[in-house]
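Residue numbers (my numbering), protein chains in the order written: chain A, 579 to 1054; chain B, 434 to 778.
Worth flagging that the hints you see were computed from the coordinates, not collected in a lab. Built from N, CA and C at the ideal position, the CB exists for glycine as well. One or more of the hints may lead you astray.
[As the list claims (entries may be wrong)] Straight-line distance between alpha carbons at most 20 Å, and here's what the computed EDC-like set of lysine to aspartate or glutamate pairs gives:
| id | chain 1 | residue 1 | chain 2 | residue 2 |
| --- | --- | --- | --- | --- |
| 1 | B | 630 | B | 480 |
| 2 | B | 651 | A | 873 |
| 3 | B | 707 | B | 775 |
| 4 | B | 671 | B | 750 |
| 5 | B | 630 | B | 565 |
| 6 | B | 651 | A | 1018 |
[To be verified] Reference listing, derived: stretches of chain A covered by chain B, where coverage requires no fewer than 3 residues with Cβ under 8 Å from a Cβ of chain B:
| id | region |
| --- | --- |
| 7 | 764-772 |
| 8 | 1022-1036 |
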Amino acid sequence: MLFNSIQFPIFLALVFVLYWALDRRSLKPQNILLLVSSYIFYGWWDWRFLSLIAFSSLIDYTIGLRMGAEQSARKRKALLSVSLAVNLGALGLFKYLGFFVGSTADFLTFLGFQPNLPTLHIILPVGISFYTFQTLSYTIDIYRKKIEPTRDLVAFLAFVSFFPQLVAGPIERASALLPQFHTRRRFDAKRASDGLRQMLWGLTKKVVVADNLAGQVDVIFTGHAELDGLALTCGAIFFALQIYCDFSGYSDIAIGTARLLGFDLMRNFAFPYFARDIGEFWRRWHISLSTWFRDYVYIPLGGSRTSTAQRIRNIIITFTVSGFWHGANWTFVLWGLLNGLYYVPLMLANKRAPATVVAVGRLLPNPAEAGAMAITFALTLLAWVFFRAENLTHALSYLWQGASTPWLPIDHSVYTSGLIYCGVLLAIEWLQREKQHALDVATLPVPLRWLAYVAAVLAIILFGHLGATEFIYFQF
Amino acid sequence: MRAFVIRTAAFAVFALVVSEVFFRVALPAAELPAGQFNAEYGFRRYDPAWKSEGLFTSGRHAQIRATWKINPQGWNSHRPYLNEKERGKPAVAYFGSSFIEGFRANISANISPVMEKQAAGAYDVYNFGMSDSVPSEHLNVARYVRERFAPKVMIFFCSPWHLAASLVPAAGRQRWLLDGDVVRPRKVVPLKNAALKAVAKRSALVRYLVLNARWRPKLRPGNGGGVVNAAQSSGGPKYTPAQLKTLAEYMVQRAVSENPGIQVIFVTGGPHMKDSPPTLSTVSQLIADACKRHGATHISLLPIFHADWLQHHKRFDFEHDFHWNAYAFKLVGQHLHAVVAEMLK
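So that you can see chain A by itself, here it is in the shape it has in the complex (with noise of 0.2 Å):
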């Protein structure tokens, strides 16, 4: 089920006045409802892949009994290689089998054989890559003493199955959401008012900013070869923000639509476009998976506190891993690993990203700041091209041409309403960019907020894509 389709928010209010009904009697109900109302959520994109994660959880929860009674250190191990042997094993059937087979081939191929390899046609199920990390993130977390296992399967089905950010995350970890499935939750209208905000916000990019920009950006990306630099500059532009809003979106409807039910998700996104270096710009986007890995990769590689050499290794490793985990694409895994090139000089200077916002207090960003956001933003957009890309020949032909024909006489006035919707969501965010999300208007007076949501509404109307498209990452 999509959250930008009409059997949503359907299914959101039934959930949500039968979850609150039960708000009186016991924790148990409602978990039982979340697990019911999760499995139904995300069986109606297809039911048969219900079995793989309800198989996923039944070893993890079970790992995870056995390893907390457990104090032998090597069987914990063991057990824990267990957990990483199945889940892995089933992300790389269903994910990457196809590629490591196709990649065989063409290597092979290269060598002068004639391989007669199989050809796979193997259905990704939606979601794998996130839910995969968190039930993963409970059993190394177990292992590793952090956590007690839970004993109340329910809430544990509930936790790795929780629709809201089920498919595309936020990628929770089980210290911070499990013990929500073990606390009452009680209704907090201003926390839920918020949700409501923040979900409305979260669709209005989705289908107003990145449903909109997905179309130029299919022509450009398809076409480049008869385009010049500036509407390939303007194709990669479109790019990011459509990713952006895509992504931020489904994280800001996962986000409020958790609160309705009184829970907190982790932040995903904070405005990460106005990053002034790339440190600061992993810290501002899709902020759950940067941490897993920080956590579960970086740091058991050795983390910061070794040799510079020894660091610059680690980041590039996790960050290579971190674009392979995106996709069975070479495309992806040289996207992750500029990433990690970007970090070198940062490294090397030893240089902290800021840890505040930019231009506290000011309408507008000091000349340095505002240089170091371009830089930053300019660097993302020569990374995004391989990420979008088909393949490798695709996004080097695409950088090729950009450099090589900087002007063509074409029209470029076809990209005037891409740059509005940049412009104007920039501008929004920009004004909003020391608040959780550019629709918290909380604190301003109601016939001014109210205004601010008709005026979300309308934009939706007006200019929405209302044909419930599927989010990038559901591919992830």
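Using the hints, position chain B against chain A.
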């Protein structure tokens, strides 16, 4: 909880009111007349009692704005339709879908006023175009028209996909059944006008979402889609040339045999906005062949549109909407007048 629900509901009402005002005043949503099923003959027309005049708009930003008027007989026309005795002169009736119904051009710029202007009072022209109607319905309308208005000429506009769409069942619509090489009419299931639908039609917001934004919410994946579109789109039913030939033959044969003494014209082909010469589609060719066999006249609009395009490079439709515009109506009206005037001599 109660305060939250009340506040949310209050905002929802506020947003609905603002939207209603917005889509009535600032950006008018499309207005359409209400359909009415004529059970005696088995076709749909409009209900003049529901709303007889309105403003049709098309596109997310109401780029097309045109007035319509439903006459007492229930059709979009600048004039009432009179019987033979009342009018005292010949009449020409034409049948078709939304393309020639004319909601996207002002009521005074449709094919019928263009033809009447050309005719300078020599004959009346009656428009029996109706959105989503297809040849299987046109023949039912033709029977009604023959009995009530006794026209001298009947013009059937038939686009290729409308012929196939005549086989796709739809409530409130006459459709055919193709059984081997035999075609026969299906039983018409009368359309029930749901009360909720009628109320929804009054809402500017609903009209904007459905008619301007073309929002088609699906409760289940794979649901929905108009019947005409079903046949038109690649996902619709596919028919072999032999089946289409049977259909074309059946349609033309019935149109001619059921309307003795009336000149029957079949018009096919639409705007051709390319410099390269157009080619007749398979269905158009089949209809042309059937016309030849049964003594009907066939007119392809392709060369007419193409010649004008080469001369003026002026669009016959809209950027966001492929229905014909007033310029196309003028061109078609002038050409049809030339043909009809010759027939009525």
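Taking the earlier hints as the rules, which of them does this structure contradict? 2, 3, 4, 6
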